[in-house]
Amino acid sequence: MEVFDVRVHLLWSDILIFILVASLLCFVVSVLKNPLARGRWAKVFESRIGAASFMVILFYVLIALTDSLHFQKRLEATAESTDVHYAPEMTSVLDLILAPMLDRDEKTYSAPFAIYSFAKENIESDDGTVVREFPRLEHGGSHITMEEQHVADIVVKSLTAIGWTLVPILIVLFIHHWYIRKEDSRLPWPVIYFTFAAIVVVSSWALQMSQYYHVLGTDKVGQDVLYGAIKAIRTGVLIGTLATLVTLPLAVLLGISAGYFRGWVDDVVQYIYTTLNSIPGILLIAASVLLINVYIETNPEQFKLLSDRADFRFIALCFILGMTSWTGLCRLLRAETLKVSQLEYVQAAHAFGVSRWRVIMRHILPNTTHIILIALVLDFSAFVLAEAVLSYIGVGVDSSMKSWGNMINEARSELAREPVVWWSVIAAFILMFTLVLAANLFSDRVRDVFDPRMSGSGDNS
Amino acid sequence: MLAYIVRRLLYAVPILIGVNLLTFALFFVVNTPDQMARVQLGDRYVSEVAIQEWKVQRGYDKPLLFNTAHEGPAAVTETIFFEKSLSLFALDFGKSDAGRNIAADIEQRMWPSLAVALPTFAIGIAVNIAFALFVVMFRASLFDTGAMILCVALMSISGVFYVIAGQFFFAKEWNLVPVSGYLSGVDAWRFLLLPVIIGVISGIGGGTRLYRTLFLEEANKDYVRTARAKGVSELTVLFRHILPNGMIPILTSVVVVIPSLFMGSLLVESFFGIPGLGSYTLEAIQAQDFAIVRSMVFLGSVLYIIGLLLTDISYTLVDPRVRLS
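Sequence lines, in order, name chains A and B. Here the first sequence is numbered in numbering that gives the first Met the number 0, starting from 0 and rising by one per residue. Here the second sequence is numbered in numbering that gives the first Met the number 0, starting from 0 and rising by one per residue.
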């Protein structure tokens, strides 16, 4: 597709994520239609933690989605040929939003908000003598003429940025509050307002400050660390959702049929998951990724662009992660189906001659959805964490892809430096921790609502 | 009891055959030895002779399943499947692709792994149980809620960060312990201290939360209520009734990992430079030494299955109501 002077080039993972979002929307619509499910979900969002963590997850997903609209910029026509050429590297919509952080590379490391480089260089002063000094950064704080202004400038610019964002937000929230005040809403609006304001203020502050400084410093090759950490959100969110999506059909199909049909089906399914379970997970993943690497290396002609190659590896990794971790959910579903299929109403359905397929779809599946939901959200956070470990081992996502695992991996050597380069590991930590924490808290709430027996009765949260 | 164990061991055979077939398919059918040779030799345009030589040296030149060049039993035994895959059942791991004796390596490297994993495991359980009991003591209070949120927060931190932070503060900033390395013998304790501490800390979040649930389940049972109604003090209820009975599900759930402790931890061992089986596996993965990875996959499965067996046996030992049949 060619629109104006860009060519839309969606990667396979882009297409998958949009299919995923579409199916999630279908799920939401089906929940809204069903009053019982609606009431239960409302309970999830009526709790403060549930509402706040959901908003954080939503924010991450939005960033991942804007980062999944890829296109190639058209290159300037040269004198020799009038052919249209496109840049080999991909740009995403998110890159347009983050433009202030792009193309402002320094030479090497620099600390957050620094105006001087991290490494000394030989600088020739006006009278010709060469001094070994920390050079000024090319972009970071280049508007500052006197060093004394530095701190005051940061404070003033931060306050202005926050102020200019806070005022419109407060107006919007006030209007919204005034608008809904007549309705009897049980949602925890103060928490929602606060989370919303916090997310918007922090992101707008970071974006505005990036025009003047490197908010989280720069990395070894002088790239903005905050930019890299934000780009890594797509990798993290995608690995979590895609891998979870792979586990779902396998676990549901095998788990429910094992519990429902019993007999030899049960034996076969149990055999499969015990066998898979008995192989140390990380070894199976590593072995499979090694095999994918061999495939890529022996078939280079299939991957013309570097990003296509990274994307193939990425999807393969998600697939492998999913294939090796469906056993837990499968076992839970088998046990629950065994229980549910003994209940009176299922027996009654059988007695009335309802077909097996209909019994599964109408009675068994709806009564196991809470298990599936809880496992899905927990799996999501487990996959996000696994990515960091796998990238460290060297079987994670392609090193050309921005990911938290790759950032941590690079940061290891930086921590041994003197003075310490701490900012990239902190950046990866904060962004990753927020996402995983939100997912974990959200799954807790879902579990409390859908499966009260599991949560321990002493809970009053 | 003996008959039960024998039957369970027989049940393990098909699972191990499954693992064996799966690894065989992954390592030899999906990827032919030719492709392995190409990757190992590094060059995409490597000569056919070099590939052949590489395969002969490592015994990968034979047919996969059936050797038509031989008669009788040799037609089956002179194959990759028999020599490289079936031999694992006899715990004959053969030589690595780099020519080292895998069995000797394993024997030598399992001790450092054990030296890290065993204390981490034991201290970890003790600490988690202590914390969980403490939280259960204040159940349904603000402290309980706060502690649970803290646990979820601890669970949300990647293991890598625990290691990085621990090394940075304990070893680099405060100079309490060496950053990494290992010594054999008693001197090893200085190198083991930090990995064990970090292993314990990184497990606190998940462990405390799980054990709290198990203890709470016990705390809501009738006999506990009766004890309290009789006027037994809260502490006595906790330590005499809830703790021993809550230990049953805890112990039976951790037994399964005990044999796997031999395998060590990839992450901790490589970060701390401990020459155990975990870092051995990691080195093999990074050097793409498929022979070692294959052996470790098989060894891991054997240990896991032993763990399952131990779990079943432990059920009967701690809870006489469970009958082995």
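Just to be clear, a hint being listed does not mean it is correct.
Below, a sample of chain A positions facing chain B; criterion: calculated Cβ distance under 10 Å [what the hints assert, rightly or not]:
| # | residue |
| --- | --- |
| 1 | GLU132 |
| 2 | PRO134 |
| 3 | THR144 |
| 4 | LEU172 |
| 5 | HIS176 |
| 6 | LEU283 |
| 7 | ALA286 |
| 8 | SER287 |
| 9 | SER380 |
| 10 | ALA437 |
| 11 | LEU440 |
Think of the hints as simulated: they come from the structure by calculation, not from any bench. It should be emphasised that the depicted structure is a prediction, and the values quoted were computed from it without experimental measurement. Beta carbons are placed, not taken as given, at the ideal position from N, Cα and C, and that holds for glycine.
Going down the list of hints, with the structure as the test:
no., hint, in the structure
1, GLU132, "violated (27 Å)"
2, PRO134, "violated (28 Å)"
3, THR144, "violated (36 Å)"
4, LEU172, "violated (26 Å)"
5, HIS176, "violated (28 Å)"
6, LEU283, "holds (7 Å)"
7, ALA286, "holds (5 Å)"
8, SER287, "holds (7 Å)"
9, SER380, "holds (7 Å)"
10, ALA437, "holds (9 Å)"
11, LEU440, "holds (6 Å)"
This entry does not satisfy hints 1, 2, 3, 4, 5, going by the numbered hints stated previously.
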